[in-house]
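Read off the chains here:
Number of protein chains: 2
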Amino acid sequence: MEAPGDEAIHAAVRRPTQRRQLRNPNPKMRARLLAAAACQIRDRGYANLRVEDVAERAGVSIGTFYLYFEGKQDLFVELVREFSEQLRRRLAEADGGEGTLRDRMIRRLSAYLDFVGENMPAFLHYRDGGAIDTNLGPLATWAIKVHAADLRPLLAEGMAAGVLPPTDPELLSQALIGLTQHLAGYWAEYRDRYSREAIEEFLLAFITSGIDVARPAQPGPAME
Amino acid sequence: MEAPGDEAIHAAVRRPTQRRQLRNPNPKMRARLLAAAACQIRDRGYANLRVEDVAERAGVSIGTFYLYFEGKQDLFVELVREFSEQLRRRLAEADGGEGTLRDRMIRRLSAYLDFVGENMPAFLHYRDGGAIDTNLGPLATWAIKVHAADLRPLLAEGMAAGVLPPTDPELLSQALIGLTQHLAGYWAEYRDRYSREAIEEFLLAFITSGIDVARPAQPGPAME
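Residue numbers (the numbering used here), protein chains in the order written: chain E, 1 to 224; chain D, 1 to 224.
Simulated from the structure, these hints should not be mistaken for lab results.
Mixed in with the good hints there might be a few duds.
To be verified - Taking lysine to any residue and the SDA-like style, the derived pairs with C-alpha atoms no more than 25 Å apart in a straight line are: (1) K72/D to A47/E; (2) K72/D to N26/E; (3) K72/D to A161/E; (4) K72/D to P169/E; (5) K72/E to S61/D; (6) K28/D to S61/D; (7) K72/E to R196/D.
The structure presented is a predicted model; accordingly, all values stated were derived computationally and were not measured.
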């Protein structure tokens, strides 16, 4: 299966006409526009993002903006891609390839929750931002696919070594990433109600043992 | 905690001016417009939904459309709400309140996968449709909250009866619904690769036992 993290992603909708392209785009200008947009989204969300405000915040003209980005969707896809890349690096560092599978997964989970904790409310804005279609499918599922693809080899190793029961590594990585992202989002929404530790403890218990409902049922009166 | 399923939901953005309201709106006309929109979305997705096409498909004028709906977002929220209501009824029927917790959860899961299977690709279009903000928060997380709220009492009963290990029933219901919805979406995206049975079997195993990585680790050479 393809590794979606290594494929170039862009918004599915392109401008119908060829826009002016820079022969030597300035990476610093591009970074400045992205940083300005990231601030706007963090403060006000994607729905309220306006190209005019991004250009103004970056101190450039709207014309300059369009030399670097096709528009609002293109910019947002790029920000989500950068955000995912940062997270991937953090997870890879935390993993480090040392220790048991359990150690490595716990370190990855911990690094993930650190990252989300440091990046609230941006995390929620990226999650809820735009239902944007890209050349690699819907943006929201693309990010999950990238992280699932990173996790899959670790799970496959665990199965090969007999530490994990054999199952479909693709489904398992999707389950783990989808579940963790969902609960991280829930935490970010209700951070006044749940501590980081409570979320981490719950996730570890659920991931390692499930709900344990399989053990011989003892239906009490309340269950009928 | 509030029961989000019983609260009226509408798009957060309302028309700035008061639109004309019907004194006696015709429920059949409303249903006809919703059915026309559902067909458009099933065939072409939300991004390509146009009010003009919905009106034409329903055989009414655009003016009539706006007597019933504020616009595209309002219409989509209403469709997602109806879709969720259908699903809630199916899950409640499948549950039926009889049998052990395990029996009831298996029946619920099976009914959920039946529903998704019958409603592809609409399910994906609703999932990916619009990043729409509502009076009850982002539309995508609202639907999960509704289903989690329905499941929570069952889980709380199970804990009270000692069939489930004690944990936070809110986090557990979010985990179960978020996980199941995510994998159902994955199945819908890759239905040529996974059978309904494979998804159901995987989910049951994961939900009941987790990945079992907690058992004494036997790190093999492949794990280092």
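Open item on the list: Check the structure against each numbered hint from earlier and tell me which ones fail, lowest number first.
Closed with: Hints 2, 3, 4, 5 and 7 contradicted; others consistent.
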